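Q: Now for the letters of each chain:
Protein chains: 2
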Amino acid sequence: MLKELIAKIQPLNKTAMAAAQERQNMLTKPAGSLGRLEELSIQIAGITGQAIPEIKDKVIITMAGDHGVVAEGVSAFPQEVTPQMVLNFLYEGAAINALAKHVGARITIVDMGVAAEMEAHPLLVNKKIAKGTANITKGAAMTPEQAEKAILAGVEVVEAEIAKGLDIVGTGDMGIGNTTPSAAIAAALTGSAPAKLAGRGTGVDDAGLQRKIDAIERALEINKPDPKDGLDVLAKVGGFEIAGLAGVILGAAAHRKPVMVDGFISTAAAMIAVAIAPAVRPYLISAHRSQESGHQQMIEWLGLNPLVDLDFRLGEGTGAALGISLAEAACKVLAEMATFAEAGVSDKE
Amino acid sequence: MLKELIAKIQPLNKTAMAAAQERQNMLTKPAGSLGRLEELSIQIAGITGQAIPEIKDKVIITMAGDHGVVAEGVSAFPQEVTPQMVLNFLYEGAAINALAKHVGARITIVDMGVAAEMEAHPLLVNKKIAKGTANITKGAAMTPEQAEKAILAGVEVVEAEIAKGLDIVGTGDMGIGNTTPSAAIAAALTGSAPAKLAGRGTGVDDAGLQRKIDAIERALEINKPDPKDGLDVLAKVGGFEIAGLAGVILGAAAHRKPVMVDGFISTAAAMIAVAIAPAVRPYLISAHRSQESGHQQMIEWLGLNPLVDLDFRLGEGTGAALGISLAEAACKVLAEMATFAEAGVSDKE
Numbered sequence: 000m001l002k003e004l005i006a007k008i009q010p011l012n013k014t015a016m017a018a019a020q021e022r023q024n025m026l027t028k029p030a031g032s033l034g035r036l037e038e039l040s041i042q043i044a045g046i047t048g049q050a051i052p053e054i055k056d057k058v059i060i061t062m063a064g065d066h067g068v069v070a071e072g073v074s075a076f077p078q079e080v081t082p083q084m085v086l087n088f089l090y091e092g093a094a095i096n097a098l099a100k101h102v103g104a105r106i107t108i109v110d111m112g113v114a115a116e117m118e119a120h121p122l123l124v125n126k127k128i129a130k131g132t133a134n135i136t137k138g139a140a141m142t143p144e145q146a147e148k149a150i151l152a153g154v155e156v157v158e159a160e161i162a163k164g165l166d167i168v169g170t171g172d173m174g175i176g177n178t179t180p181s182a183a184i185a186a187a188l189t190g191s192a193p194a195k196l197a198g199r200g201t202g203v204d205d206a207g208l209q210r211k212i213d214a215i216e217r218a219l220e221i222n223k224p225d226p227k228d229g230l231d232v233l234a235k236v237g238g239f240e241i242a243g244l245a246g247v248i249l250g251a252a253a254h255r256k257p258v259m260v261d262g263f264i265s266t267a268a269a270m271i272a273v274a275i276a277p278a279v280r281p282y283l284i285s286a287h288r289s290q291e292s293g294h295q296q297m298i299e300w301l302g303l304n305p306l307v308d309l310d311f312r313l314g315e316g317t318g319a320a321l322g323i324s325l326a327e328a329a330c331k332v333l334a335e336m337a338t339f340a341e342a343g344v345s346d347k348e
Numbered sequence: 000m001l002k003e004l005i006a007k008i009q010p011l012n013k014t015a016m017a018a019a020q021e022r023q024n025m026l027t028k029p030a031g032s033l034g035r036l037e038e039l040s041i042q043i044a045g046i047t048g049q050a051i052p053e054i055k056d057k058v059i060i061t062m063a064g065d066h067g068v069v070a071e072g073v074s075a076f077p078q079e080v081t082p083q084m085v086l087n088f089l090y091e092g093a094a095i096n097a098l099a100k101h102v103g104a105r106i107t108i109v110d111m112g113v114a115a116e117m118e119a120h121p122l123l124v125n126k127k128i129a130k131g132t133a134n135i136t137k138g139a140a141m142t143p144e145q146a147e148k149a150i151l152a153g154v155e156v157v158e159a160e161i162a163k164g165l166d167i168v169g170t171g172d173m174g175i176g177n178t179t180p181s182a183a184i185a186a187a188l189t190g191s192a193p194a195k196l197a198g199r200g201t202g203v204d205d206a207g208l209q210r211k212i213d214a215i216e217r218a219l220e221i222n223k224p225d226p227k228d229g230l231d232v233l234a235k236v237g238g239f240e241i242a243g244l245a246g247v248i249l250g251a252a253a254h255r256k257p258v259m260v261d262g263f264i265s266t267a268a269a270m271i272a273v274a275i276a277p278a279v280r281p282y283l284i285s286a287h288r289s290q291e292s293g294h295q296q297m298i299e300w301l302g303l304n305p306l307v308d309l310d311f312r313l314g315e316g317t318g319a320a321l322g323i324s325l326a327e328a329a330c331k332v333l334a335e336m337a338t339f340a341e342a343g344v345s346d347k348e
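Chains as they are written, first to last, in numbering that gives the first Met the number 0: chain E, 0 to 348; chain V, 0 to 348.
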């Protein structure tokens, strides 16, 4: 099933991109003067196959999961915060609620592997694979079967959203300790040292950061993830929400939908998606540069250039929300502006 | 009258800023994890004096003017484009129309000194000082009386908008050739060489750029603007739209309203405002880093740090529109998020 999905991911539509580029040059502004917004409109034209794409239905998918590696003292917050924050999302008290509402996006909250019983809630999608991953310093985070199941659950979630109407999807995460598996994924795929990829997450002190680096080093040593096999890296040192987000990304690309990638954890999920299916890369837009050290290397590995740098280090999809608004702005500029001819404005001499 | 206005500009409200900072630390996210948005909310609390400020009425004031220095061949577009683009604004075909609508801001278009008769239009505010400035390579752009009159016209425009309801104001400009006086203002105030401040504007070639640098050098030599006297710099090498925008900035600060400063030309206006009244500085928010070379030095002189860098070089208030949306997002995060206590979320261990 995963193979079939991957085979569906097509290159961008060059004809639509050329038409969008041509229109940008005819609009009443010096050619190229809206910089990144012009590029973004052309990329989205290529993704959707529409010369003048429209972004109306905006969705942020925020996936939650817990991590056995928290036993190693890698996080500044206790694990109980994961289910507490899921409830906070459902009752609209979190940053992602304020920012998604601000940009007119709807949010879907998914339990991919929270280490607690979550009461049923009409807004909570239950795709729980297990109550948290195993401790990656002692063995694999999950079985290969769980990894594939989690990815396919992510595909199902995004396909359900596409059925409701989706013009762009933003990724978001919640999971105490999840900067550790994300940095481990980055270390496995880039070959860079854990010390260069691990950061302070939600705010660990120097000793906590050292525990985190040690944990990643031990996880890589005991698991020996194969950098040529994205599914292997995911199963050995990943997380359920990361797997689900990789599925969201793959599913969105298969349906020609642009993906607004949030920060550190979402970027790790994007790396897994690209490792599994390199054709997914042009469907990705990096929303923002995370303050979490190591993000830059991940972005470079993906060949992306974040839209903004606002010193965010929160996750949840908060950066993606702002990026979605920029993507919508980019498409509105392309669609709504008058051309030189229409407005009777003289072009460059 | 200008002196009275300047005397009204007060320091930021420290009590409101401390309350906003305290609330940010209680909200359900790691302290500081929304980076620049948190800082922005605290600045706006200090500006408005409200511990939880609200941004509802958003206004972009786009001022147009022409420049005698275009006779020196400093622009890639002909001067007739200034009135043509003013009409394009009024008929909603320009980039600023699309972007202002996207962020829910209203636009006010002001003729400060377009070198053409503009037909009356219900959306066009007529504050024309003269039909374009004089050629700054031959003498002063305007008289000191015109400079003061233009600033006060800007104050009137923003006060009229405040009367209608205004929680934040963005600055915007239109004026063929206006990167030349803007770079001249920057050179006069920073003492830096014109060659380091002049850029390609709407897209001049190498020969055009050299003519521009020469024109600025001659303008500074013949006019000898006094860097300690903002009004003198404005009158000698400025422009009517730049003067009007300086008035908008001064008027907004006097009424404790945040000012979202657009790119190169608006930043030159902000420099004039700060040179005239240094107390205005903390009311300024730099929306974006312009692609126009020289902007960085102006930003540094002002001690500002642009919110985003999207390679814009258009003006009109396009960057300010996006910045206004970020300011609104910042205030919504502060106002709408639940605290750890309210949401029953465990704080850092």
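Treat the hints as calculated values from the structure; they're not laboratory data.
Predicted, not measured: the structure shown is a model, and the values here were computed from it.
Careful, some of the hints might be misleading.
For chains that are exact copies, the list does not tell them apart, and a pair is met inside one copy or across any two.
Dumping the calculated DSSO-like pairs for lysine-lysine here, alpha-carbon to alpha-carbon at most 30 Å [stated by the list, open to error]:
no., residue 1, residue 2
1, Lys347, Lys100
2, Lys331, Lys55
3, Lys227, Lys347
4, Lys223, Lys13
5, Lys7, Lys347
6, Lys163, Lys331
7, Lys55, Lys7
8, Lys195, Lys2
9, Lys163, Lys195
10, Lys347, Lys130
11, Lys137, Lys347
12, Lys331, Lys100
13, Lys55, Lys130
14, Lys100, Lys55
15, Lys223, Lys2
16, Lys163, Lys2
17, Lys347, Lys195
18, Lys223, Lys55
19, Lys227, Lys195
20, Lys195, Lys13
21, Lys331, Lys223
Q: Need the list of violated hint numbers for this structure, in ascending order.
A: 3, 4, 5, 8, 9, 13, 18, 20, 21
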